[in-house]
Structure formats: C-alpha cells, structure tokens
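K.L.:
So the protein lines, in turn, are chains P and D. Residues in the first sequence are numbered from 1 upward in steps of one, following full-length UniProt numbering. Residues in the second sequence are numbered from 1 upward in steps of one, following full-length UniProt numbering.
Note that these hints are calculated values from the structure, not bench results. Heads up, some of the hints might be wrong.
[Claimed, not checked] Label-pair distances were calculated between CB atoms; the ranges are: (1) F198(P) with W172(D): 18 to 26 Å; (2) R232(D) with L229(P): 33 to 41 Å; (3) E179(D) with S171(P): 47 to 55 Å; (4) L229(P) with I271(D): 30 to 38 Å.
Given the structure is predicted, the values throughout are model-derived calculations rather than measurements. Every residue gets a Cβ at the ideal spot worked out from N, C-alpha and C, and that includes glycine.
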Amino acid sequence: MSHAVIADKRPSALRGARLPKWSSWAIAVGSVAIAVAIGLGAGLDSRIQWGLIAAILFILGTYGIAARVEGRRQAKDRIATSLVWVAFLLAVVPLVSLIWATVQRGVKVLDVYFLTHSMGVVADSEPGGGIYHAILGSLEQVGLATVIAAPIGVLTAIYLVEYGRGNLARSVTFFVDVMTGIPSIVAGLFILSLMLMFDMQPFGFAGSLALAILMMPVVVRSTEEMLKLVPNELREASLALGVPKWRTIMKVVLPTSIGGITTGIMLSVARIAGETAPVLLLVFGNPFINANPFEGAQASLPLYIYQQYANSAGSTAAYDRAWAASLTLIAFVMILNLVARGIARWKAPKTGR
Amino acid sequence: MDISTQNTQAPPPTTQPPVAEQKRAARGATRPGDRIFLGLSRGSGIFLLVIMAAIAVFLAYRASLAISKDEGNFLTAFEWNTNLNPPVFGIAVLAFGTVVSSIVAMAIAVPIAVAIALFLTHYAPRKLSGPIAYVIDLLAAVPSIVYGLWGALILVPNMNGLFGWLNEYLGWTGIFSWEGGAPRSMLTVGILLAIMILPIITNVSREVFRQVPQMHEEAALALGATRWEVIRMAVLPFGRSGVISASMLGLGRALGETMAVATVLSPTFDIQASLLDPGGGTFAQNIASKFGEATEFGRDALIASGLVLFVITLLVNGAARAIIARRKEYSGANA
Chain P
1 MSHAVIADKR
11 PSALRGARLP
21 KWSSWAIAVG
31 SVAIAVAIGL
41 GAGLDSRIQW
51 GLIAAILFIL
61 GTYGIAARVE
71 GRRQAKDRIA
81 TSLVWVAFLL
91 AVVPLVSLIW
101 ATVQRGVKVL
111 DVYFLTHSMG
121 VVADSEPGGG
131 IYHAILGSLE
141 QVGLATVIAA
151 PIGVLTAIYL
161 VEYGRGNLAR
171 SVTFFVDVMT
181 GIPSIVAGLF
191 ILSLMLMFDM
201 QPFGFAGSLA
211 LAILMMPVVV
221 RSTEEMLKLV
231 PNELREASLA
241 LGVPKWRTIM
251 KVVLPTSIGG
261 ITTGIMLSVA
271 RIAGETAPVL
281 LLVFGNPFIN
291 ANPFEGAQAS
301 LPLYIYQQYA
311 NSAGSTAAYD
321 RAWAASLTLI
331 AFVMILNLVA
341 RGIARWKAPK
351 TGR
Chain D
1 MDISTQNTQA
11 PPPTTQPPVA
21 EQKRAARGAT
31 RPGDRIFLGL
41 SRGSGIFLLV
51 IMAAIAVFLA
61 YRASLAISKD
71 EGNFLTAFEW
81 NTNLNPPVFG
91 IAVLAFGTVV
101 SSIVAMAIAV
111 PIAVAIALFL
121 THYAPRKLSG
131 PIAYVIDLLA
141 AVPSIVYGLW
151 GALILVPNMN
161 GLFGWLNEYL
171 GWTGIFSWEG
181 GAPRSMLTVG
191 ILLAIMILPI
201 ITNVSREVFR
211 QVPQMHEEAA
221 LALGATRWEV
231 IRMAVLPFGR
241 SGVISASMLG
251 LGRALGETMA
261 VATVLSPTFD
271 IQASLLDPGG
281 GTFAQNIASK
291 FGEATEFGRD
301 ALIASGLVLF
311 VITLLVNGAA
321 RAIIARRKEY
331 SGANA
C-alpha cells in the first residue's frame, strides 16, 4: 500500500486525507518529551514509569490525531501499528539493559589475572581471585557432554530421516520434541537419583551426563532439519551407482549437510554451556582447581556466577566477579553463536533450487 | 531401506555375484556395513526413548521412597520440613507459586511476542526484519543465570517505583497491594520469566504467520482492508492454533525455569494473595535453594517435587506438540 503512496505524489480525489510520513516520528518525540516532563515534574524516580507514560501518550496521541485526520478505521490501523512498534521496543529494552549492565560492570575486574587464577585462597566476600577453575570445569563438562550427545543425536537424526518409518520413528520424533521441553533441573534430578542409588559424591562427569540429556534432543532436531535439506537426487545417484546405503549416508549425505550439522551442534553447546541447575545439583562447585572431571566436586562458569551472587552476602567484590564471569560466559556463548552462523552460511547445502 | 528397495533395477556390481546374493543385495540391509549402521542409528533412537522412560522410572522410585514416609499430605501440606521426625512436606505452595509466576509471565509475554511476530512478518521494513530476528535469537541465547543476575541486581531495584504505583492505584484489588518489602516477589519473577520466554513464543508464532496464504491477505487488501484489518481477518484466525502451541512451549519453559527464580525471589513457604509482596516459591526454585543443606531423605523429597514438575511440563509440551503436529497435517500448503 505504501508503495502506491510513494509512487504517486499528486493529491487524489479517490484517497482520503493521510497524515504525512513523519507524523508518527513527531508524535513519538512529542510523547517522550511530555513523559520526561511529567516524570521530572511529579518526581517519579523509576525510568520504567517514564517509559510506560511515553508509550501510553504515544498510542493515545496517534489515535486522536489519526481519527481526526484520516477516519476511525485508519486510526485503528495506526494504533495497531504503534502497539506493534511499542511491543518491539519493549522487548529490546531488557536486552540492551542486560548487555549494557554486563559489559559495564563486567570489565571492572575482567583481566588476565582474573582469567588465570582460582578462588582457592580468596573468601567470597573479598576482592581478588578469578575464574580459571570455573572455565576449566565448564570446558571439561561441556566437552564431555558434547562427546556423548553429538554422536547419539546425529545418529538418531539419521535414523529418523534415512530409515525411520512406522511407529518407532513416530514415537522417537514425538519424544524428542517432548524431551526438548524437559526442565534442566529435572535432568539434574534424574542423574542425582542414579547417584543416590550408588552412593556417589558430586563429580564433573555427572554434570556432563545431565547436560548431554539436555543437548541430545536439540542436536537431533537441528540435524534432522539439515538432512532433510539434502536433495534426494544426490542419494538416488549414489545408490544407482551401487554404493551401499551406509556409504551413501557417510560419503554423500553427511558431507553435504556437515555445515548445518556443525552449526546445530555448536548452538546446542552454547545452550548447555549456560545451564546452572544440573551443575548445582551434580557438580556442586569447588573454589579450588580440579582438573579431573571423574572425581571430586568441580566448578563451572554459570555455577560460579550463582554462588558469587548467592553466597557472598551482598559483597561488592563478589558482585563484580559475578558480572565479570557473566561477561565471559556471554562472550563465549555469543562467539559460539556467531561462528556457528558463519559456518552455516559458508557451508550451506547447495539445494540446487 | 525404502530408497534401496525402490532401486531394484540398479545395475549389478561389476563382478557378477550369484543370483541369490544379488536378490538379497537388492532388498537392502544385507551388507554387514548396512546392518551395523542401521543398528547403530536405530539403537540411538531407542536409547533416547530409554532415557525418557528411565527419567520417569527413577524419579518415581526415589519419590515413592520419600512420599511413603511423609506425615503430611504430599499434595496439600503447607510445610517443607524434611528433617523433622517424622518428616512433613507438601507441594501446595510450590504448585501455587509455579502456576502464578507462569501465568504472570504468559500474560505479559504472549501479547508482546505475538506483536513482535506480527512486526517481523507484516510491519518491519524488509531490511530490518532480518537483524531484528537475530536480536530476538540473541535474547534466547543469553544463559538463564545471567538473566537471574540481571534480574536480581538491576531489575529488582528498578521495580520499586512501579510497585508503589500499582499499590497506590490498584492496591484495593488485593492482588496488587504492597507492604513495602523488597520487590523480590512473584510479579518481578513473572516479568523476568516473560523476558526469557519471549523469544520462543516469537519464533514459533513468526513461523506460523509466515505460512498465512498470500491469497487471503491479498483478497482482504483488494477489498480495501487496512493492514490491521488484514491481520485481524486473515492472519490471526489462521495463526490461532500456532500461537496457542507457541504459548504452551513458552509455558513449559516458564514452569521449569530455575536460576532466574532462585536469584530474584525471596522465598517463604506460604501462599501470598498479593503479587507484589515477597514470598512463595516454585518447584524448581525450591529444589535449587533447599538442595544445599538437604539430607539424603531431603533430596528424595526434592526429587518427588521434581517428578511433579516433570509430569506437568511433559503434559504441557506434549499438548503443544500435538497441536503443532495436527496443524501440519491440515495446512498442506506449507511443506
């Protein structure tokens, strides 16, 4: 609709009056200004209130002006448009605030010392110390979880796409879907019940098992999508040459989709790297460096953040460390995300369409 | 298997095998490599089913150990004293808190998420919608513990003004009355959960809105409908079931979220009528915060509450998936 407006600038008798294009911007600026004035005048100290007042003023103002100039139906349309824009801005605000807070407060103590020292001799309420032990624990636990979950996930996806027919495949598909929704703490409790059974103490690998349970369905889902993108002609050509089915899968299907599969695995790694609850139950946390995931409590980055927050009785030093560890964790997750997307673009399957 | 059985006319390998072997090869899955590979991949699929079953069985077993010794009523007791002899514990408070925080989260997140999905599919300039979808994905990638830290240290202090405001104008309802405690209450938790489940609801709704037949929209436009009328008459009715299942997926997330609730809420073991007064608890939060000092019996009791959470999320997610699956069947256009 808007194309027609741009193309034809002459006033037309067939069209009703329309507000100029800059009007919504003007109303937005006006309502923000009034909201700030009201906020300052009434002494409201919460910025959230300012924002809400601005949003309400913007919507009312748009409706009022549009109803007067363009008519009620158009006014309703404009209200919907502005509501949709407001909703979008509302969603962006927390993200910006979160990233801003993490970066601003995280850089305070984030340096080489912080990354290469543990909390071994530092009390939680004192400044100093670092996250080396937590990074080490996180890498080991997530690495082991990936080693377990990635092959099983990829093989399951191959079964579903290349072989799966009938009831077994249908129920696997359904339960993979349901499994993506298992709360992480329930996966932790499951491994915990096994550990109680065998009277075991917390250790890193137990956390890996719970993380693997959370990771598998995600890998299956993404790999399945990628395998479905491989054109059937490739499989048929290979089979027609007499290549066995398993070699067709290994040499034709997987190499074609390997970029997408890698992307899926990396995204799921990014997802489990931030999981705290199962690690809290199974790995328990440890201020000292423990490089052996199969014996003794370990630390992990998300768990470190939680413990710095929860066990420090409001000490600023601990909060600073928690923010710095959050920044490290977010940076790790975001880099994984970016690299994964890069690989997806670089190795996108050539569907030939 | 199916593909190779279709290929019975495939030319025989260069060295002519005997006829019987040739026949078997044509049926597929006779080569050792094929059999091993099929076994491995089918085995992985079965392994996933076994894990699901094992989760249910082991949780139920440990839970039964705890519940059999529970002196209170497991479903209705308002206490969580697993160290007493005999122990008394019940999930009533946790169930209430979980439901309330999720309802608040849904009430905030669903309208906003649907609006953002509409924004991405129907309002945003084409050039913007790609980057915006990416930003929404970033929102999903932030670990929940970071949301928890942000919620506890940034969101909570900023809620004071809003809480005072709600108390002043809506306090008479009882739901929004506030006694002035720290705003570590169900409403704050609900807002934080809403931020966290926004991406999943947005993404699924967006997929559904994308599938609305172009013809329906063009027909409405041709009749002179405004953009909003197109959305109300063509897009929303088509997408309703998709939005419902997306919301249920989000609900599943909100029900099971642990760390964000554990950091923000200041828990008590009773039921608060007001959303603004601190107190209450959720299943996951209770497990995380009680776990540290729990005895082995206490852990079994926590596992029992985890089993309830597992069953609830299973039902919610199963229902959501069933709705999505049914939709796929009748809208054949979107294969």
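K.L.:
Take the hints in turn and mark each one as holding or not.
P.N.:
Here is how each hint holds up against the structure:
1. F198(P) with W172(D): 18 to 26 Å: violated, 57 Å
2. R232(D) with L229(P): 33 to 41 Å: For L229(P) against R232(D), whose Cβ atoms are near 35 Å apart, the range 33 to 41 Å holds.
3. E179(D) with S171(P): 47 to 55 Å: For S171(P) against E179(D), whose Cβ atoms are near 51 Å apart, the range 47 to 55 Å holds.
4. L229(P) with I271(D): 30 to 38 Å: violated, 50 Å
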